[in-house]
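Take these sequences, add in the hints, and give me the full structure.
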Amino acid sequence: MPFAEIFFWAVPIISLTSYCILMLFLSLSKKDRFIRLFMLVLAALIIWTASSLFMALQLYPGVLFWDRVMVMGMTAVPFLLFYFISVFTNSLRPLEIIFWGALTAAAMIDNLLGHVVVDASVVTATMVYYGKMYTSPEYYYVLGKAAIPMYIFTAIIIFSMIIKVRNNVRAGKTTYGRVGPIVVGISILFVGVFLNLFPALGRYPVDILACFINAVLIMYAIYKHRMLELRLMVTKGIVYSVFAVLLTGVYIYTVFSVERGISSAYQNITPYFITLSALLVAIVFQPLYRFTTKLVDKMFYKAEYSKRQALKNFSASISNKLDLHDMAAELIEAVQLAICAKEILLLLKHEEKEHYYVFATSSKIFRPNIVIKFDNPIVRWFISNNISLTREELHYHTSLKSMWDKERRVIADLGIEVITPIKSGDDLIGILMLTRKKNSTA
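Under this note's numbering, residue 449 is the last one in the sequence shown; the count climbs by one each step, no gaps.
Please keep in mind that the hints were generated in silico from the structure rather than gathered at the bench.
Incorrect hints may appear among the rest.
Listed next, the in silico PhoX-like pairs over lysine-lysine satisfying Cα-Cα at most 20 Å (straight line) [what the hints assert, rightly or not]: (1) K380 with K360; (2) K444 with K349; (3) K356 with K430; (4) K356 with K380; (5) K430 with K380; (6) K328 with K430; (7) K360 with K444; (8) K371 with K349; (9) K408 with K380.
In this text, all values refer to a predicted model and were calculated from it rather than measured experimentally.
Take a look at the structure:
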């Protein structure tokens, strides 16, 4: 089979299958705002890819209809990506989203009116490849007067995303390691979409391939920073799915096999047997499914059990400690076992000097001379709140805007990712600072 034909069919089929499986796993997982927004992007990608495949299959109501549906998905993806990146980089501006959303809606309406693609068709050509005859489908289309303005609009959104990411990296609100894969994915997406302006290249699903690569890179960025435990989710999903499919297959095979064996001789009892078989399978299925669920959870939440055990051991041992240095060492050890941070700083309150100083660290080598004064916005925040602060929140949270740039740089240079309060009632007695995890994730 010629490479062009393989490319024509394989790219949309593989992409669509991957999107649908990923959407299924995401819908079954615990969701935060990043996952919900990525699911919107994924939905637009599914529309884009599915309509491209339906065009190739020439399904009813026709190639031109599915082409316009595809253009709608293609128009929605850049806007939804812009929204996703705005949240991902903590730079969301409602007016900006409304502006781009309104322009995207206008572009979709213009597309439905037939101003972007005037005509579209799939032509099947016969070709000889190594002495064998093959039929090769080719996609032909005629662009309308609004096609170039729409592509320019799409390019502006994509460049706006890249500029937004660059500005956030320069401002120290995020790092290139966090958003680098997304920038690369967006650049690839832009190239794939731009090639549609040339029908000689656009007749092949290059844009679908670019979208697929972009989606993979975004998913990698999400997983890398522990916004989604993808490995756990996919593994559990596969185990549960395989179990359900196997059990269902056994049920169908058993019922049909027995039905073929007894239907000719015992036609009167066949319906009763099928009903009885269904009940028996249901009775067997439920306890087996519950057992499998517990077993898989225990296997894949092993790290979670280790964290709980570390905290349990800390609670038991700390009650027997009287020396402050021993207590600090126990605390740091427990946190390191639970969180797996590279470095941990424990700062304690000094009433006379009115600041928090480094009392203990997880390493004898890593012992910076950092001091946080009582009037620091971080201290005021922890006095009023009982939740941790992330590195990103230090930059964009309104309550922390009054921090000096020098203080921010000190924290950034140390690689601090999370700052946690240690309180006794309403009194902030200490501060715990954690760097990145040992596997370089946030």
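Now the hints, each set against the structure:
1. This hinted pair checks out: K380 and K360 have alpha carbons roughly 9 Å apart, not beyond 20 Å.
2. Of the pairs offered as hints, the one joining K444 and K349 holds, with about 5 Å between alpha carbons and a cut-off of 20 Å not exceeded.
3. A distance of roughly 11 Å separates the Cα atoms of K356 and K430; the hinted pair therefore holds under the 20 Å criterion.
4. Pair hint K356 plus K380 holds up; C-alpha atoms about 9 Å apart against a cutoff of 20 Å.
5. Distance restraint check for K430 and K380: the Cα-Cα separation of roughly 16 Å lies within the 20 Å cut-off, and the hinted pair is therefore satisfied.
6. Using a Cα cut-off of 20 Å, the hinted pair K328 and K430 holds, with the two alpha carbons roughly 19 Å apart.
7. Proposed proximity of K360 and K444 is contradicted: the alpha carbons are some 32 Å apart, above 20 Å.
8. Of the supplied pair hints, the one linking K371 and K349 holds, its CA atoms being roughly 13 Å apart against a limit of 20 Å.
9. A hinted pair counts as satisfied when its Cα atoms are at most 20 Å apart, and K408 with K380 qualifies at roughly 16 Å.
Comparing the model with each numbered hint stated earlier shows that hint 7 is the single one that does not hold.
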